[in-house]
Amino acid sequence: MRQSVPAELSSFIGRERELSRTATLLATARLVTLAGPAGIGKTRLAVRTVRTLGRSRGTDVVWADMVGVPRDGGAALERELVRRLDGREALLVLDGCEQLGAEAGRLVSALLVRLPRLRILATSQRAVGPAGEALLRVPPLSVPPQPAPDAAPGPARPSAASAASVASVAEVAGYEAVRLYEERARGADPSFELTERNAGAVAALCRALDGIPGALELAAGRAHRHAPAEALRLLTADPLEFLSGGAGRAGGADALRTCSLAPPDERLLWDRLSVFAGSFDRDAVVEVCGFAPLGPRRAAEALERITPALLEDAGRPGRHRLPLSVRALAARRLALAPDGDGATVARRHRERCRATAERAARLWRSGAQREARALAVAELPELRAAMDPLAPAGPGGALEIAVPLWFLWSPCGLVTEGRRHLERALALHPAPRPARALWLAAWLVASSGEAEAADPLLVEAWTAAVQEGEDACVAYLAHLRGLVALWRDRPWEAAAEFRDALELLPAEPEFGPGPEALRAALTMALAHTDPASVPVEDGPPDGPVDLWARSWTGYAHALVQRREGRPALARAELLRALEIQLLLGDGLGQALSVELLAELEADAGCYEESARLLGAVAGTRPASACLPRAERVLRARMDPEALRAALAEGAGTPLRTLLPEL
Numbered sequence: 045m046r047q048s049v050p051a052e053l054s055s056f057i058g059r060e061r062e063l064s065r066t067a068t069l070l071a072t073a074r075l076v077t078l079a080g081p082a083g084i085g086k087t088r089l090a091v092r093t094v095r096t097l098g099r100s101r102g103t104d105v106v107w108a109d110m111v112g113v114p115r116d117g118g119a120a121l122e123r124e125l126v127r128r129l130d131g132r133e134a135l136l137v138l139d140g141c142e143q144l145g146a147e148a149g150r151l152v153s154a155l156l157v158r159l160p161r162l163r164i165l166a167t168s169q170r171a172v173g174p175a176g177e178a179l180l181r182v183p184p185l186s187v188p189p190q191p192a193p194d195a196a197p198g199p200a201r202p203s204a205a206s207a208a209s210v211a212s213v214a215e216v217a218g219y220e221a222v223r224l225y226e227e228r229a230r231g232a233d234p235s236f237e238l239t240e241r242n243a244g245a246v247a248a249l250c251r252a253l254d255g256i257p258g259a260l261e262l263a264a265g266r267a268h269r270h271a272p273a274e275a276l277r278l279l280t281a282d283p284l285e286f287l288s289g290g291a292g293r294a295g296g297a298d299a300l301r302t303c304s305l306a307p308p309d310e311r312l313l314w315d316r317l318s319v320f321a322g323s324f325d326r327d328a329v330v331e332v333c334g335f336a337p338l339g340p341r342r343a344a345e346a347l348e349r350i351t352p353a354l355l356e357d358a359g360r361p362g363r364h365r366l367p368l369s370v371r372a373l374a375a376r377r378l379a380l381a382p383d384g385d386g387a388t389v390a391r392r393h394r395e396r397c398r399a400t401a402e403r404a405a406r407l408w409r410s411g412a413q414r415e416a417r418a419l420a421v422a423e424l425p426e427l428r429a430a431m432d433p434l435a436p437a438g439p440g441g442a443l444e445i446a447v448p449l450w451f452l453w454s455p456c457g458l459v460t461e462g463r464r465h466l467e468r469a470l471a472l473h474p475a476p477r478p479a480r481a482l483w484l485a486a487w488l489v490a491s492s493g494e495a496e497a498a499d500p501l502l503v504e505a506w507t508a509a510v511q512e513g514e515d516a517c518v519a520y521l522a523h524l525r526g527l528v529a530l531w532r533d534r535p536w537e538a539a540a541e542f543r544d545a546l547e548l549l550p551a552e553p554e555f556g557p558g559p560e561a562l563r564a565a566l567t568m569a570l571a572h573t574d575p576a577s578v579p580v581e582d583g584p585p586d587g588p589v590d591l592w593a594r595s596w597t598g599y600a601h602a603l604v605q606r607r608e609g610r611p612a613l614a615r616a617e618l619l620r621a622l623e624i625q626l627l628l629g630d631g632l633g634q635a636l637s638v639e640l641l642a643e644l645e646a647d648a649g650c651y652e653e654s655a656r657l658l659g660a661v662a663g664t665r666p667a668s669a670c671l672p673r674a675e676r677v678l679r680a681r682m683d684p685e686a687l688r689a690a691l692a693e694g695a696g697t698p699l700r701t702l703l704p705e706l
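Residue numbers (this note's numbering): 45 to 706.
Keep in mind the hints are simulated off the structure, nothing from the lab.
Treat the hints loosely; a few may be bogus.
DEER-style ranges, computed between Cβ atoms [stated by the list, open to error]: (1) R230 - R132: 22 to 32 Å; (2) A648 - P361: 46 to 56 Å; (3) T573 - R610: 52 to 62 Å; (4) A336 - T701: 53 to 63 Å; (5) A379 - E693: 28 to 38 Å; (6) P234 - A399: 27 to 37 Å; (7) E693 - A71: 48 to 58 Å; (8) R101 - A336: 46 to 56 Å.
Just so you know, even glycine gets a beta-carbon here, dropped at the ideal spot from N, CA and C.
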């Protein structure tokens, strides 16, 4: 047992709020527990707290390090502490109470009874347990947010290549985790600097390490050997190998200690929790992990006990996730578990993901499209893991999840990611390949700007749909052909395809876009070919509202209003459509709506404003689409250098800044 406070543990970054709260709690509570996973900085916060109290209040402090105390050594430790502290008004720090397991609670209770002038500051990966305990969760350091490319947010472990996105020093330097990494890396390599070239990799490394100071220090201590991008690659490939060794409390050894010190129920739950790629709540844990010998009730109770050792999912109350090192170790143990426990957990996890995808699709069809998108995005880390075609469920199992999520891939803008999932699964699927998946893959390929590349998929999908009797799929293939024709400025051809699609589509299709979306597509084509026939809405529609379809109908009405010389009405329609498209993340819809706004600006002689709008959406329109009409006008009316400058300015400006009405 260490009797004196440890030496100051390097610099103290980002803990001012926790330091103040700990001191405040100690003024009123006899037992304060700093709880959190290994490496989160509990010991460091305790050291800083007692030193602050010593300077300000002259507090008598005794420090007891639990590392090395045997599980059955609680009684001997109690006798020694009572002997030393009897009659003293003191603050006792019990560092690492998880080492004693349930014995820690008995020890603390006995000390508080026998030493009435004693206050205790405990650090532990779990609540110590006695009544009156003031529990303070120690959070990780703040990390730069996950960028929002063609992949939704989420705490999934991305690949090194995708995680190390471009970021500027100004964007990441203020975050606590980046500050700590930079400081420690400079200690290991005096020439290290945070630069525009490595800022994105440093930010991604901080996210991957969960903002846990111990893990960040371990990684930064190797900066003289591994640049941030290389460190991220090694961490992604084998977290336990990368985090092994070092003096910190966040590596493989501490992950092993976290699991091995737990009772059997908790050890089993640690292992099963590793199936979650991101965060989980109580219901998910019970559903996926609650089976023999750990039933639903025992799984819920074990989760409650280990919660302090988990990381909270910021902004999502009740959801937690495993620290990276613990998850990596637990996954390895689960893979080696006897009696097929790992396979059972994986099957239950995949089944939950399939049900989630179908529930989100039902929400979309019922008109609750914002809720559908929110559900799919929230569960996307798990859905991604379940769409692995190399998993036991195979490519067919992956497609059972990917196809119901069609709305997430196209209307909600995650075209590239959806295409990747579909193509990987279809590449491994034996013939004949399912029509629904082929249709969706063709749509995503065409939406990526490769209309010609979609042709073989269209042919195969049509054959499969006819053989399977998939009338809805045949209708969707006609719809897709119409979209491609519309992008190529062939509205007459598009209108014919859309009419065919509407005739073929069942009244209540089991999957894919509803009739409202197909009618909206036909309305767009008619706005080009026969504006007088475009239907006018007399009032709010009956029943659920398809927001996505409504945005396209609004776009079609704006086309008619512009042609009929009513630019103000056209602009109002487009802004309403854009609100929906921004809400859902519909990149294609945003591109076409903004291009029409650019035409309105060009009609009014506002050429620079028009060019800036075109620049803002230049990267989201289909590459196979014809040149925007506004751009043809601008090339004729503007100096080439001025046009390039305005396009570049628009590309670097948020759309809402260019359109303050939104």
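- prompt: Okay, which hints does this one fail, numbers in order?
  reply: 1, 3, 5, 6
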